[in-house]
Amino acid sequence: KNEVEQSPQNLTAQEGEFITINCSYSVGISALHWLQQHPGGGIVSLFMLSSGKKKHGRLIATINIQEKHSSLHITASHPRDSAVYICAVRDRYGNKLVFGAGTILRVKS
Amino acid sequence: EAGVTQSPTHLIKTRGQQVTLRCSPISGHTSVYWYQQALGLGLQFLLWYDEGEERNRGNFPPRFSGRQFPNYSSELNVNALELEDSALYLCASSPWRGRETQYFGPGTRLLVL
Numbered sequence: 001k002n003e004v005e006q007s008p009q010n011l012t013a014q015e016g017e018f019i020t021i022n023c024s025y026s027v028g029i030s031a032l033h034w035l036q037q038h039p040g041g042g043i044v045s046l047f048m049l050s051s052g053k054k055k056h057g058r059l060i061a062t063i064n065i066q067e068k069h070s071s072l073h074i075t076a077s078h079p080r081d082s083a084v085y086i087c088a089v090r091d092r093y094g095n096k097l098v099f100g101a102g103t104i105l106r107v108k109s
Numbered sequence: 001e002a003g004v005t006q007s008p009t010h011l012i013k014t015r016g017q018q019v020t021l022r023c024s025p026i027s028g029h030t031s032v033y034w035y036q037q038a039l040g041l042g043l044q045f046l047l048w049y050d051e052g053e054e055r056n057r058g059n060f061p062p063r064f065s066g067r068q069f070p071n072y073s074s075e076l077n078v079n080a081l082e083l084e085d086s087a088l089y090l091c092a093s094s095p096w097r098g099r100e101t102q103y104f105g106p107g108t109r110l111l112v113l
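If you read the protein sequences in the order shown, they are chains A and B. Residue numbering for the first sequence follows our numbering, starting at 1 and increasing by one per position. Residue numbering for the second sequence follows our numbering, starting at 1 and increasing by one per position.
Quick caveat, the hints were computed from the structure, so don't treat them as lab data. Glycine included, each C-beta is placed from N, C-alpha and C at the ideal position. Some hints here could point you the wrong way.
[Said to hold, decoys possible] Taking CB as the label site, the calculated pair distances span:
#1 A:Glu5 with B:Ser7: 29 to 39 Å
#2 B:Pro70 with A:Glu67: 40 to 50 Å
#3 B:Gly28 with A:His56: 17 to 27 Å
#4 A:Phe18 with B:Leu113: 38 to 48 Å
#5 B:Asn59 with A:Gln9: 22 to 32 Å
#6 A:Phe18 with B:Arg67: 43 to 53 Å
#7 A:Glu3 with B:Gln17: 32 to 42 Å
#8 A:Glu67 with B:Asn77: 11 to 21 Å
Produce the complete structure using the sequences and hints provided.
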């Protein structure tokens, strides 16, 4: 079993839909990251969370430390949101990131 | 402010050869991380350098090595290349020992024939 599990693996949405991507982890962590990877390969760090909720524009990330679960929400989705979204957890010592397999999101206009 | 830069962008090598990839972190960042993203696989942690020292390494053989220079730039060296080393190699930097957000470079695509 992977230490970080994401669901769904693939997601297709219509423009304007509300999207949720889930991440569950099985190890103790010091923080959780949500990353966005575009087709060219470049990665952008969206959020770093250790508790609660963060919001940036149309993106919202939440984490429940007790349940070892995080969600990434996209409101009013747009075709430019199409990308791979990756959940990564930082171990307790802050040494390294362990990554989920990613969720491939396609938003159709 | 310039982001994390990596060179080269693309590279083709043959089995058994050696390769060196380079990374320049954001100014002021002392930690540099290397990750491998092989085709069809997720990102995997390779190496972490901070203040010139290797602080941690992932589950990779010793032919993957690197170093960090006094200006905090870093090199990743891969010896005796194998076909399965074909991957996107990503470098990331952060201000202090990974306790902050990591900023990723554009990556180097390595193809081993």
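Taking 40 to 50 Å as the hint, is the beta-carbon distance of B:Pro70 and A:Glu67 inside that range? holds, 44 Å
Using the beta carbons of B:Asn59 and A:Gln9, state whether their distance is inside 22 to 32 Å or not. holds, 23 Å
Is the distance from the Cβ of A:Glu67 to the Cβ of B:Asn77 consistent with 11 to 21 Å? violated, 42 Å
Look at the Cβ atoms of A:Glu5 and B:Ser7 and judge whether their distance stays inside 29 to 39 Å. For B:Ser7 against A:Glu5, whose Cβ atoms are near 35 Å apart, the range 29 to 39 Å holds.
So does B:Gly28 sit 17 to 27 Å from A:His56, Cβ to Cβ? At roughly 23 Å between Cβ atoms, A:His56 and B:Gly28 fall inside 17 to 27 Å, so the hint holds.
Does the Cβ-Cβ separation between A:Phe18 and B:Leu113 fall within 38 to 48 Å? holds, 45 Å
Beta-carbon spacing of A:Glu3 to B:Gln17 - inside the hinted bounds 32 to 42 Å or not: At roughly 33 Å between Cβ atoms, B:Gln17 and A:Glu3 fall inside 32 to 42 Å, so the hint holds.
In this structure, is the beta-carbon distance linking A:Phe18 and B:Arg67 contained in 43 to 53 Å? holds, 47 Å
Violated hint: 8 only; the structure is consistent with all others.
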